[in-house]
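Under this note's numbering, the residues of the sequence shown are numbered 1 to 257, in order.
Incorrect hints may have been included.
Unchecked claim - DEER-style ranges, computed between Cβ atoms:
#, residue 1, residue 2, range
1, ARG114, GLU233, 22 to 28 Å
2, ARG7, HIS225, 35 to 41 Å
3, ALA232, ALA121, 19 to 25 Å
4, THR109, ARG85, 39 to 45 Å
5, ASP80, PHE112, 24 to 30 Å
6, VAL249, GLU53, 28 to 34 Å
7, GLY4, LEU256, 37 to 43 Å
8, ALA121, ARG7, 45 to 51 Å
These aren't lab readings, by the way, just hints derived from the structure by calculation.
Bear in mind that the values here come from a model prediction, so they are computed numbers and not experimental data.
Where a beta carbon is used, it is the ideal one built from N, C-alpha and C, also for glycine.
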Amino acid sequence: MPDGSLRGHVAIVTGANHGIGAATARELAARGAAVLVTYLRVPGTGDGEAVAEEIRRVGGRAAAFEADLGEPDVPAAIFDVAEERLGPVDILINNASGWVQDTFTPEETDRFGRALRPVSAETWARQFAVDARAPALLIGELARRHRARGARWGRIVGLTSGGDLGFPREVSYGAAKAAQTDYTMSAAAELAELGITANVVHPPVTDTGWITDEVRAFVASSTTHFHVAEPAEVARTIAFLVSDDAWLVTGNVITLR
């Protein structure tokens, strides 16, 4: 049953049909939030309705909505659905990704054997539409509706990846995540007067179904990666950031290792 610490709050979690998104939806619901699970069915993911049903089965409130964040009118539609089914939204988790693995090199695979594509207008457009434009529009919807109803409490958490030297062999992904981070940091500054905090979580290597023995060996030998995390572990950090206890935590990129 929900523990009640987020009772009365409504969350949107994008890309919540698998991995960190699904774990975050479950964790927020377990703490009492009503959760809209947004998702897009692609190979290797699941059905968001199954996540919502799992939440409802243990006493939580949840609804699911399939939508392609690559379409510019979808962010507003997501908020409309959330308000209609669950109530006014005050928690936004920008987790979804249109992940494309592209590169400036002539290589066809990365060191883990995953296929690489050359950077193109197509790879750039898909990656930036989902990982940068959609989060910006979702933040804008939250701010507009928050202001219109005179709300004084809100939370935004984005998910990022890459590093100070970009993200070699995932170059558009890293660039789009950097753009999302910048939008979120701007939101922290501009929306503080509305009682909204905004932070970004940089997860560690997380086992969302792609981890192999080679990846585990890479992490074990790395001086910058310390753990292979489970999605639920990352979700608990996100849940802390949307709690009342994290009121003073805003405008940060929090790197988990």
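task = Starting from the hint list further up, note which numbers the structure goes against and sort them upward.
result = Checked against the structure, the hints that fail are numbers 3, 5, 7, while the rest are satisfied.
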